[in-house]
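A.B. asks: The chain contents come next:
There are 2 protein chains.
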Amino acid sequence: MSTIKLTYFDMDGGRAETTRIALSIAGIEFEDHRITFEEFGGLKSTFPLSSVPIIEIDGHTYTQSNAMSRYFGKKAGLYPEDAWQGFLCDEAMYIIDDVSNALGKTMGLTGDELKTAREKFVSGILTTALKLLSNRLKAAGGEYFAANQLTIADLVISGFLKVIGRGMFDHVHTDIVEKSAPLLVKHMERVSKDPRVASYYQKRSQ
Amino acid sequence: MSTIKLTYFDMDGGRAETTRIALSIAGIEFEDHRITFEEFGGLKSTFPLSSVPIIEIDGHTYTQSNAMSRYFGKKAGLYPEDAWQGFLCDEAMYIIDDVSNALGKTMGLTGDELKTAREKFVSGILTTALKLLSNRLKAAGGEYFAANQLTIADLVISGFLKVIGRGMFDHVHTDIVEKSAPLLVKHMERVSKDPRVASYYQKRSQ
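So the protein lines, in turn, are chains C and B.
Under my numbering, the first residue of the first sequence carries the number 1, and numbering increases by one thereafter.
Under my numbering, the first residue of the second sequence carries the number 1001, and numbering increases by one thereafter.
Heads up, some of the hints might be wrong.
Cut-off 20 Å, straight-line C-alpha distance, at most; resulting in silico cross-link-like pairs (PhoX-like, lysine-lysine) [what the hints assert, rightly or not]:
1. B/Lys1105 / C/Lys115
2. C/Lys179 / C/Lys203
3. C/Lys131 / B/Lys1044
Stretches of chain C that chain B covers, calculated by requiring three or more beta carbons in the stretch to come under 8 Å of a beta carbon on chain B [as the list claims (entries may be wrong)]:
4. 92-98
5. 128-141
6. 186-197
To be clear, the hints were calculated from the coordinates, so they are not data collected in a lab.
Positions of the beta carbon are idealized from the N, C-alpha and C atoms, including for glycine.
Start from the sequences, fold in the hints, and give me the full structure.
C.D. replies: See below:
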């Protein structure tokens, strides 16, 4: 048995969430090390790429949330065995990376500059990606993004859109997903009702 | 047999290169559609995310270069079967994404602003990533990034560093890889001497 410690911010969402859920569904014990933004400032320079999440496995530190998600997703039965279904899963995950990177570029801006950048983000890549993902979902059968089953793509996408819908990003209206891609709202509900996902959050709340 | 058309810029490098090589090694026929930057301007709005590469498979258009690389990499025997080796392959690829995104943020800047941003890029994420990748290569046995064999991680990394070394990015000195991570220069040579890779470029030059 490996000793596993996952370090990320203290939020139910963001880049470590899929890995946490996958670890939990795989039944793999791990330390869910949650740090504050203040603690992150002090620890940043000790992380390999000055960023989180990081995962320590038997004392070795690794980076890259989606590599972690894919690895533990395989352990949890949340990654397609079939190569083409794997492609559909991967493509959907990378589309979220594109959106997330574009959102990242607006961080740190203020005032009118922030407003302009965020409005461009919403009307541009966010809306485009929501519509593309909605079409991908439809083409894959309407319920899941790949292999007609819950995969890490579903967790990554619903997790990201849940955060978008929380209203924590100025000028990104909370109803953007409902307006541009109502199928993805239904998808979010489907994912959160999955017994394995629901059980993870139930344990979290205890 | 599927009809496959890969659209990207007319350069031997960049985000489509690993997919091109993987397709070639897998022996899969495809149309290597290369466009100029001018043509891209006119076509941009017709691409799903206004970006390239895109791949059309039997008339359906897909995005995300690394999803393509992983899919055709599997077909070509360039992706590890083992989940942990797959993690090492994925982590290395995502590290390059981080670097590439950071470089992307400096595009469009000019003058002193460009100089400052590029110097920060070089002394920051680029140097850090080169050293991390160098350590990963050592830990994996020194020759390849995963599974002791050529994988798409090797192609992605050597391809990216080859472009970095071409001197096409102002303020990014061509000797940065040699200075920060000489092992990665040796790795680049190893990859380019791989008979399958060499054969791809030999066919290209005919």
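A.B. asks: Determine for every hint whether it applies to the structure shown.
C.D. replies: Here's how the hints hold up against the structure:
{"no.": "1", "hint": "B/Lys1105 / C/Lys115", "result": "holds, 19 Å"}
{"no.": "2", "hint": "C/Lys179 / C/Lys203", "result": "violated, 32 Å"}
{"no.": "3", "hint": "C/Lys131 / B/Lys1044", "result": "holds, 17 Å"}
{"no.": "4", "hint": "92-98", "result": "holds (count 5)"}
{"no.": "5", "hint": "128-141", "result": "holds (count 3)"}
{"no.": "6", "hint": "186-197", "result": "violated (count 0)"}
Checked against the numbered hints above, the structure breaks hints 2, 6 and satisfies the rest.
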